[in-house]
Amino acid sequence: MALLELDDVRAGYGSGPDILNGVSLQVQESSTSCVIGPNGAGKSTVLKAIMGLVDVRGGEVSVGGERLTGQRPDQVLAHGVCFVPQDRSLFPEMTVRENLSMAGYSLGRRRKAEARIDEALDAFPVLAERRSQRARTLSGGQQQMLALARAWILKPRLLLVDEPSMGLAPQVTKQVFDVIRRFRALGMTVLLVEQNARQGLECSDRGIVLDLGRKRFEGAADSILTHPEVRELYLGKQRERHGNGAAP
Amino acid sequence: MLELRQLRREFGGVQALRDCTFRVDTGTITGLIGPNGAGKTTVFNLITGLVKPSAGTIELGGTAITGWSPHRVTRAGIGRTFQITRELGELTLLENVVIQSPAGGLRGLIGRSILGEERSRALELLDFVGLARFAEEKARTLSYGQKKLLELAGVLMARPRLIMLDEPAGGVNPRLLEDIVDRIRELNSDGVTFLIVEHNMDVIMELSDSVVVMAHGEVLLQDSPHAVQVDDAVLDAYLGRV
Chain A
1 MALLELDDVR
11 AGYGSGPDIL
21 NGVSLQVQES
31 STSCVIGPNG
41 AGKSTVLKAI
51 MGLVDVRGGE
61 VSVGGERLTG
71 QRPDQVLAHG
81 VCFVPQDRSL
91 FPEMTVRENL
101 SMAGYSLGRR
111 RKAEARIDEA
121 LDAFPVLAER
131 RSQRARTLSG
141 GQQQMLALAR
151 AWILKPRLLL
161 VDEPSMGLAP
171 QVTKQVFDVI
181 RRFRALGMTV
191 LLVEQNARQG
201 LECSDRGIVL
211 DLGRKRFEGA
221 ADSILTHPEV
231 RELYLGKQRE
241 RHGNGAAP
Chain B
1 MLELRQLRRE
11 FGGVQALRDC
21 TFRVDTGTIT
31 GLIGPNGAGK
41 TTVFNLITGL
51 VKPSAGTIEL
61 GGTAITGWSP
71 HRVTRAGIGR
81 TFQITRELGE
91 LTLLENVVIQ
101 SPAGGLRGLI
111 GRSILGEERS
121 RALELLDFVG
131 LARFAEEKAR
141 TLSYGQKKLL
151 ELAGVLMARP
161 RLIMLDEPAG
171 GVNPRLLEDI
181 VDRIRELNSD
191 GVTFLIVEHN
201 MDVIMELSDS
211 VVVMAHGEVL
221 LQDSPHAVQV
231 DDAVLDAYLG
241 RV
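Which chain is which? The protein sequence lines are A and B, in order. Numbering follows this note's numbering, in which position 92 of the first sequence is assigned residue number 92; successive positions increment by one, without gaps. Numbering follows this note's numbering, in which position 209 of the second sequence is assigned residue number 209; successive positions increment by one, without gaps.
It is worth saying that the hints were derived from the structure and are not from the lab. It is possible that part of the hints are untrue.
Footprint (simulated), chain B over chain A, 3 or more residues, beta carbon under 8 Å [to be verified]:
hint, segment
1, 29-40
2, 230-239
Listed next, the in silico SDA-like pairs over lysine to any residue satisfying Cα-Cα at most 25 Å (straight line) [as the list claims (entries may be wrong)]:
hint, chain 1, residue 1, chain 2, residue 2
3, A, K237, B, D182
4, A, K174, A, E119
5, A, K174, B, T28
6, B, K138, A, E119
7, A, K174, B, I180
8, A, K237, B, I180
9, A, K237, B, D209
10, A, K237, B, E186
11, B, K138, A, P17
12, B, K138, B, R161
13, A, K237, B, W68
14, A, K237, B, K52
15, A, K174, B, D232
16, A, K237, B, D202
17, A, K174, B, E218
18, B, K138, A, G14
19, A, K237, B, K138
20, B, K52, B, Q83
21, A, K237, B, G89
22, B, K52, B, L91
23, A, K237, B, F11
24, B, K138, A, K174
We treat Cβ as the ideally placed atom computed from N, Cα and C, and that holds for glycine.
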């Protein structure tokens, strides 16, 4: 059963052109899907459109059959959708524990929040060791762990993660993807955007390929990279060339 | 025309560029591609003097320009645009172009008296990029694609031999993109050499005589567009490693 559905979604920023030009996709409950595509394909905009962080100019976004189109980010969060953005959006001057507490506020009940924070610190020992350290002093990988731990506290029905490997060394990236696999093992539904297509697809059930704001194709994650259109998508159409490139 | 040899640059502990070597032949269009973080913009910043290399040399027409200041690089004949356009929104298009004249520059704008020769050159360039009818409008009124064309007109004011374009197609609608591509072709057929960073692969492969592929701060290869498109290592660089 599909938890997330996008139907013919058009979206863009401010008065600029549409970045999504009619994207339709579904993400099945308790599965992990990875959106891949070249730069400018609209991958991150898909997540922002779901989260209410960008103007949805047409089409529908729904989660669990409930319409989220046009709702504010806090309203979307209240529907159990959590977003881990590319820049991680931590509070740099707050400690690790304070950053986790900030996530806990949206749970409402203090006791429940405290229990979830303790649970998160158990699940992320690297953060437990640094609970009193300010977020800005953490390494890139530790900051990504903290961003994911904040989502962990909320136990979302749908987790959206934007470029988790951005700026991380290969070994650290592996640890971050291990955490995403743990979300999936807990039965959460995950929609991931990842520039490192191999890594993103390796921890996913489905792959969704975007190009120029449209879905180009989708399929089982392990079949995506052997698709005949992948080369053209990343390296352009091959043409016969004549002459030296001067004006015709 | 332009030759980079063993260029290196670190930022803190991060090796942004390592032993980067490639060349841009006179009269050609050379594409510079690679996944995010490959080091393409760092290469542009090193060539134009915005950032100094830790090691290596840059030569323009046989003259070493390594470590030169940006204005000296401009005078040597290199013009450059940026990924995000940098127009002065409250100035007119005409003023935005004139201000980039090495002869007049700011002097031409003081007291709003634009020198005659610079004015006619700027109008000619605005006409070339199809924006002459907006010459007296404020630059902030332009669309993003039009701003890219305005930037090109401004760069041409200094009559560069080599123009470096950083993502000329980014965020531009298809009709304006055609205009930009046509202007690049026209300038190239008049003898201007180009080095272009671009993510729109259809555009860059169609325009370029030679393509340099970078990944992880290194040059993976420099070859014809077709050779690049069929190279498995290039595709691997874009798809990432596990």
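Hint check:
1. 29-40: holds (count 3)
2. 230-239: This one holds; 8 residues, not fewer than the three required, reach chain B with a Cβ under 8 Å.
3. A/K237 to B/D182: holds (19 Å)
4. A/K174 to A/E119: holds (22 Å)
5. A/K174 to B/T28: Answer violated: A/K174 to B/T28 is near 42 Å, above 25 Å.
6. B/K138 to A/E119: Violated - the C-alpha atoms of A/E119 and B/K138 are around 57 Å apart, more than 25 Å.
7. A/K174 to B/I180: Status violated; Cα separation ~42 Å.
8. A/K237 to B/I180: Holds: A/K237 and B/I180 sit about 19 Å apart, inside 25 Å.
9. A/K237 to B/D209: Distance ~15 Å between A/K237 and B/D209 Cα, so the pair holds.
10. A/K237 to B/E186: Given pair A/K237, B/E186 holds - Cα atoms ~23 Å apart, limit 25 Å.
11. B/K138 to A/P17: OK: B/K138 and A/P17 at ~21 Å, within 25 Å.
12. B/K138 to B/R161: violated (29 Å)
13. A/K237 to B/W68: violated (38 Å)
14. A/K237 to B/K52: violated (36 Å)
15. A/K174 to B/D232: Since the Cα atoms of A/K174 and B/D232 sit roughly 24 Å apart, the hinted pair holds (cutoff 25 Å).
16. A/K237 to B/D202: Roughly 6 Å separates the two Cα atoms, so the pair holds.
17. A/K174 to B/E218: holds (23 Å)
18. B/K138 to A/G14: The given pair, whose Cα atoms are some 20 Å apart, holds under the 25 Å limit.
19. A/K237 to B/K138: violated (38 Å)
20. B/K52 to B/Q83: holds (20 Å)
21. A/K237 to B/G89: violated (37 Å)
22. B/K52 to B/L91: Distance ~32 Å between B/K52 and B/L91 Cα, so the pair is violated.
23. A/K237 to B/F11: Violated, because 35 Å separates the two Cα atoms, which is more than 25 Å.
24. B/K138 to A/K174: violated (50 Å)
Of the numbered hints stated above, those contradicted by the structure are hints 5, 6, 7, 12, 13, 14, 19, 21, 22, 23, 24, listed in ascending order.
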